[in-house]
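Each residue of the sequence shown is one higher than the one before, starting from 5 at the first, in the working numbering.
Heads up, a few of these hints could be off.
Stated by the list, open to error - Cβ-Cβ distance ranges computed for the label pairs, FRET-style:
| hint | residue 1 | residue 2 | range |
| --- | --- | --- | --- |
| 1 | 179 | 158 | 22 to 32 angstroms |
| 2 | 151 | 47 | 58 to 68 angstroms |
| 3 | 151 | 184 | 25 to 35 angstroms |
| 4 | 182 | 36 | 28 to 38 angstroms |
| 5 | 35 | 79 | 49 to 59 angstroms |
| 6 | 124 | 24 | 42 to 52 angstroms |
Unchecked claim - Only pairs whose alpha carbons sit at most 25 angstroms apart, straight line, appear in this in silico DSS-like list of lysine-lysine:
| hint | residue 1 | residue 2 |
| --- | --- | --- |
| 7 | 94 | 111 |
| 8 | 95 | 62 |
| 9 | 51 | 95 |
| 10 | 95 | 111 |
| 11 | 62 | 111 |
| 12 | 62 | 51 |
| 13 | 66 | 120 |
| 14 | 70 | 164 |
| 15 | 70 | 94 |
| 16 | 70 | 120 |
| 17 | 94 | 113 |
These are computed hints drawn from the structure, not numbers from a lab. Here the structure is a predicted model, which is why all the values come from computation and not from measurement. Glycine included, C-beta positions come from ideal geometry on N, C-alpha and C.
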Amino acid sequence: HRRSQLFTEVQNTLDSPRYHTFVENFSRWLEGHQWFQGNMPVQDRLKMTQDVRGFAIKSLNKRFQKLRLPVEDLASLPDAQLHALRIACKKMRYTADFFSTLFPEDKLKPFIRRLKAIQTILGLMNDVAILPNILNPLLEGVTDPDVWCYSGAVLGWRAKGYDDARKRLTHHWSQFLSTPPPWRCAS
5 HRRSQLFTEV
15 QNTLDSPRYH
25 TFVENFSRWL
35 EGHQWFQGNM
45 PVQDRLKMTQ
55 DVRGFAIKSL
65 NKRFQKLRLP
75 VEDLASLPDA
85 QLHALRIACK
95 KMRYTADFFS
105 TLFPEDKLKP
115 FIRRLKAIQT
125 ILGLMNDVAI
135 LPNILNPLLE
145 GVTDPDVWCY
155 SGAVLGWRAK
165 GYDDARKRLT
175 HHWSQFLSTP
185 PPWRCAS
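Hey, can you work out the whole structure from these sequences and the hints?
Structure below.
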């Protein structure tokens, strides 16, 4: 019932004179380049005239520079910096996804796939790094030795996963760094 109610509301909105006026005005605004105002700061005006592909390349390069970490440095990164790297990878991937139609799919897909693999590994490592912060308050005041035993087993199991993930991260990271960014390849 709620769905049909919402559908009716949307239909009424689309049929309304207010909506039709908006569409006409917006079309005129867009076609007349009214978004390009004369009193706009020079830097903003330059951005508005830049071609989309050029802007995409500039954005991708900016994100990619934050990921130019040598494999050797990866092993010594503390958890907080690994988490920051994970966020940088996520931003890189979202930017690449957003501009994906501008670049050859056969080059971009493997790049995004490698980023996803790195994000997954870094996500697991972050989960393990914060696990004690989650478990400690839960275990406060617990005296049952079985609960402590199981908690220790979970921590040990996740620590082993962390160690394995660190090793996989190095492998995936070196693959990632050895692949030229797809937007720098000739299309």
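- Starting from residue 66, check that the Cα of residue 120 is at most 25 angstroms away, please. holds, 19 angstroms
- Consistency of beta-carbon spacing, residue 158 to residue 179, with hint 22 to 32 angstroms: holds, 31 angstroms
- Does the Cβ distance between residue 124 and residue 24 fall inside 42 to 52 angstroms? Once the Cβ atoms are compared, 47 angstroms apart, the range 42 to 52 angstroms for residue 24 and residue 124 holds.
- Query: Would you say the C-beta atoms of residue 151 and residue 47 sit inside 58 to 68 angstroms of each other?
  - Reply: Roughly 60 angstroms apart at Cβ, these two residues keep to the hinted range, so it holds.
- Could you see if the CB distance from residue 182 to residue 36 stays within 28 to 38 angstroms? For residue 182 and residue 36 the Cβ distance comes to about 49 angstroms; the hint is violated.
- Could you grab the alpha-carbon distance between residue 70 and residue 164 and see if it respects the 25 angstroms cut-off? With Cα atoms ~29 angstroms apart, residue 70 and residue 164 exceed 25 angstroms; violated.
- Message: Against the 25 angstroms threshold, does the CA-CA distance of residue 94 and residue 111 hold or violate the hint?
- Response: holds, 19 angstroms
- Item | Pair hint residue 95 and residue 62, alpha-carbon separation not exceeding 25 angstroms | holds, 14 angstroms
- Item | Hint consistency between residue 95 and residue 111 [alpha-carbon to alpha-carbon, up to 25 angstroms] | holds, 19 angstroms
- Is the hinted pair residue 70 and residue 120 satisfied, with a Cα-Cα distance of at most 25 angstroms? holds, 16 angstroms
- Message: With the threshold set at 25 angstroms, check whether the alpha-carbon distance from residue 51 to residue 95 stays at or below it.
- Response: holds, 21 angstroms
- Query: Is residue 62 within 25 angstroms of residue 111, Cα to Cα?
  - Reply: Given that 25 angstroms is the threshold and the Cα spacing comes to 18 angstroms, the pair holds.
Of the numbered hints stated above, those contradicted by the structure are hints 3, 4 and 14, listed in ascending order.
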